[in-house]
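Undergrad: For the record, the sequence lines run as chains Y and X.
According to this note's numbering, the first sequence is numbered sequentially starting from 1.
According to this note's numbering, the second sequence is numbered sequentially starting from 1.
Hints were generated in silico from the structure; no laboratory data involved.
These numbers were taken from a predicted model, which means no experiment stands behind them.
Even for Gly, the Cβ is constructed at its ideal location relative to N, Cα and C.
Wrong hints could be hidden among the right ones.
[As the list claims (entries may be wrong)] Distance ranges between label pairs, derived from CB positions:
1. X/Lys-75 <-> Y/Phe-198: 43 to 53 Å
2. Y/Pro-207 <-> X/Lys-55: 25 to 35 Å
3. Y/Ala-236 <-> X/Lys-39: 35 to 45 Å
4. X/Glu-72 <-> Y/Glu-174: 27 to 37 Å
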Amino acid sequence: MNKEGTHRQSLIYQKEINVALVGNPNTGKTTIINALAGMNWHVGNWPGVTVEKKSASFNFQGRTINIFDLPGIYSLSPHNEEELIVRNHLLFERPDVVINVIDAANLERNLYLTIQLLEMEIPMVTAINMMDEAKKLSLEIDISKLADYLGCPVFPIVAVRKEGLHDLLIGAIEKVNVPNIPKVSYDIEIEKSIRMIFDFFTHMKNPRLSHYPKFWLALKIIEGDVAVFRDLALSAQSAIVYSTTKNLRQIYGEDLESHLVDMRHGLVSSLSHTVLKKTKVSKKNLTGKIDAIALNRFWGPFFFLVIMWLIFKITFDLSSPISDGLERFFFGPLHNVVDFILSPIGASEWIISLIKDGIIDGTGSVLSFVPSIFTMMFFISFLEGTGYMARAAFLMDRLMHSIGLHGKSFIPFLLGFGCNVPAIYATKTLESKRDKTLTALLIPFMSCGARLPIYIVFTSTFFPHSAAYVLLSLYLLGIVSAILTGYALRKTLFRQDASLFVMELPPYRWPMLSILWRQTWERGKHFLFKAGTYIVIISIVIWFLLHFPNGIEQKKDSFLGQLGTFVSPIFAPLGFGTWETSVSLISGMVAKETVISTMAEIYGLSEDNKKGNESREVKNQLKRAFTPLSAYSFMIFSLLYIPCMVALFSIRQELGSWKWSFLSIIIHGCAGWIISLTIYQGGRILGIS
Amino acid sequence: MTLAEMKPGQSGRIACVVGKGTIRRRLMDMGIICGVELKVLKVAPLNDPLEIKIKDYNIALRLEEARNILMEDVK
Chain Y
1 MNKEGTHRQS
11 LIYQKEINVA
21 LVGNPNTGKT
31 TIINALAGMN
41 WHVGNWPGVT
51 VEKKSASFNF
61 QGRTINIFDL
71 PGIYSLSPHN
81 EEELIVRNHL
91 LFERPDVVIN
101 VIDAANLERN
111 LYLTIQLLEM
121 EIPMVTAINM
131 MDEAKKLSLE
141 IDISKLADYL
151 GCPVFPIVAV
161 RKEGLHDLLI
171 GAIEKVNVPN
181 IPKVSYDIEI
191 EKSIRMIFDF
201 FTHMKNPRLS
211 HYPKFWLALK
221 IIEGDVAVFR
231 DLALSAQSAI
241 VYSTTKNLRQ
251 IYGEDLESHL
261 VDMRHGLVSS
271 LSHTVLKKTK
281 VSKKNLTGKI
291 DAIALNRFWG
301 PFFFLVIMWL
311 IFKITFDLSS
321 PISDGLERFF
331 FGPLHNVVDF
341 ILSPIGASEW
351 IISLIKDGII
361 DGTGSVLSFV
371 PSIFTMMFFI
381 SFLEGTGYMA
391 RAAFLMDRLM
401 HSIGLHGKSF
411 IPFLLGFGCN
421 VPAIYATKTL
431 ESKRDKTLTA
441 LLIPFMSCGA
451 RLPIYIVFTS
461 TFFPHSAAYV
471 LLSLYLLGIV
481 SAILTGYALR
491 KTLFRQDASL
501 FVMELPPYRW
511 PMLSILWRQT
521 WERGKHFLFK
531 AGTYIVIISI
541 VIWFLLHFPN
551 GIEQKKDSFL
561 GQLGTFVSPI
571 FAPLGFGTWE
581 TSVSLISGMV
591 AKETVISTMA
601 EIYGLSEDNK
611 KGNESREVKN
621 QLKRAFTPLS
631 AYSFMIFSLL
641 YIPCMVALFS
651 IRQELGSWKW
661 SFLSIIIHGC
671 AGWIISLTIY
681 QGGRILGIS
Chain X
1 MTLAEMKPGQ
11 SGRIACVVGK
21 GTIRRRLMDM
31 GIICGVELKV
41 LKVAPLNDPL
51 EIKIKDYNIA
61 LRLEEARNIL
71 MEDVK
């Protein structure tokens, strides 16, 4: 049987096909997945890293197609986390076929990656997307010539209109198990070196060798690729490297990596000139017009603030009523329903309380976060999809870089003032793991809305005439603490160099609403189900600690109360070492609003006033328990100490490991303690009281 | 003269790209290589970062990154 026959045979039997989408950012890979799989695509993380992964499975002509959207990349260098993810997936997971998605309007730059993909010899087809935009720019591409030069099939598509996708899929399936034979030729000297390296391969016994495509591996050895060297335990002095590249280094110098980069650019450049024709000069387009405002030195920041204000306002106006409604339903009718069902059948009081105060309230508190989280995530997806996110990062980078972070960190910080949880999820937009981790760890220093009730009660009690200034000082102290902690972290745990900023400003696009919905749901549901489960469990635990041992008279004697009494000496040097404050602070670990509501409960308010407002009774109690100085110290502490449980779970979710949540507990706990201590003792020394 | 010293509206050709390891590779991977023409479009408030137009796309980079790009024929 001839080769074609066996190939056709194997196609018939291959029921499941793995397809990888590879291409520059903003080439419409998500649009393609969305078009092919309907809305049935999912968002997860690449294993072991915090980079987002989109995948889908669907049926096509009797086969199951599993399609993966790999991170958008410009190259396959070993210097960048996302590029390494793509490389490793292609080399070691060996998808059955790769669809290289390129942008018709940026042919040359996109082809630079294509060339590198072809070097890998994996079965591949190329899809030229955005052909409609190319037409508008008066660009004509000779598709068949391009396919000829590349040595791989090329399919023009317009993903947003679902045009050309059928042919693309068929072409991709036909390519399965048909490896690419590199058609692109490099210069004579390189070919010589490659042949020498191939000779070495036949003698090498390294088991890792078989994992790599030979041609690609030879090129990497010439380039001195650090990842490959590490994996194969090679160095510049290894025989295979030194002797095979001697001639090249003599001609081109020691930096062969740059030489190959140049060479690829040269190839791609001449290729583009051959296949591309521009018939008209393009006028200033919409992107340029919008950027005239969005990136204007004065109007830019102004426009940015307006947009952020709008986002906050819409989120608040939209989600608050829903949150409040949910809470009212949970604390009201749902409680009543439980009473109604369980009391007549004689269920014991503690079971009723467990269900009401533990399970229902716990669930209620999770769900009350949901509207704001989903709304914020929608807006983040929207900003990303339009391309405005890059502009925001551009405007804010100077500020962020001065504290060692990236311009993209600004929006997460800003969101943190509303609620830390969506802010931590917003760190998704940061590409570098270092930036993402650092930002997520510092976000809890941004005083969120849940801490506001604490400030309101205490400032109205102790600082009625200078409330605004006190409030402002608290927020500023939070920001200053973030800057100082960031500095400390960068000198210790995060000593790696700051990431590069070099970033494309893509043309503005109107994102597909269906993709936005799907993205928002997919990202948000992780919070809903995963974090939600943990929070309900912990709420039950806290309920248990508060209500047992059974039959206690005072809150002080419950497990939680005993814990509070045990722990309270820690807070003594900060000015508030009582069991009441300890218990309130411990319960505040669940959600920061509970600090005040617990305090209200402890100081003997009735159940109806559970939300804790400025009733005279509370104020009098507080005045007996605190002095103005210790009140301020307490407010600082509640601002800075451990992020709420929900935020801790978000940190685990976004950064991929509990160790970061634990680190956050340590960092914020210590920061709160130290700064409160300084304020309180410092104040005492200065004679304030 | 480096790219960092150019002002919005100026254009020129890249003479060469210097810098250690990763930054140079990153710049080159984005298409910033010798012989290519570019134009400085805008700068952020406080003059950092800056936006350039190269081939058919726009790239933003910090001044400290732009210092690695040596220019010629600047107009």
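Undergrad: Range first: 25 to 35 Å. Now tell me if the beta carbons of Y/Pro-207 and X/Lys-55 are that far apart.
TA: Taking Cβ atoms as reference, Y/Pro-207 and X/Lys-55 lie about 43 Å apart, which means the hint is violated.
Undergrad: Starting from the range 43 to 53 Å, see whether the pair X/Lys-75 and Y/Phe-198 falls in it by beta-carbon distance.
TA: Since the Cβ atoms of X/Lys-75 and Y/Phe-198 sit about 49 Å apart, the hinted range of 43 to 53 Å holds.
Undergrad: Do X/Glu-72 and Y/Glu-174 keep their Cβ atoms within the hinted range of 27 to 37 Å?
TA: At roughly 48 Å between Cβ atoms, Y/Glu-174 and X/Glu-72 fall outside 27 to 37 Å, so the hint is violated.
Undergrad: When you take the CB atoms of Y/Ala-236 and X/Lys-39, is the distance between them in 35 to 45 Å?
TA: At roughly 39 Å between Cβ atoms, X/Lys-39 and Y/Ala-236 fall inside 35 to 45 Å, so the hint holds.
Violated hints, in rising order: 2, 4; the structure is consistent with all others.
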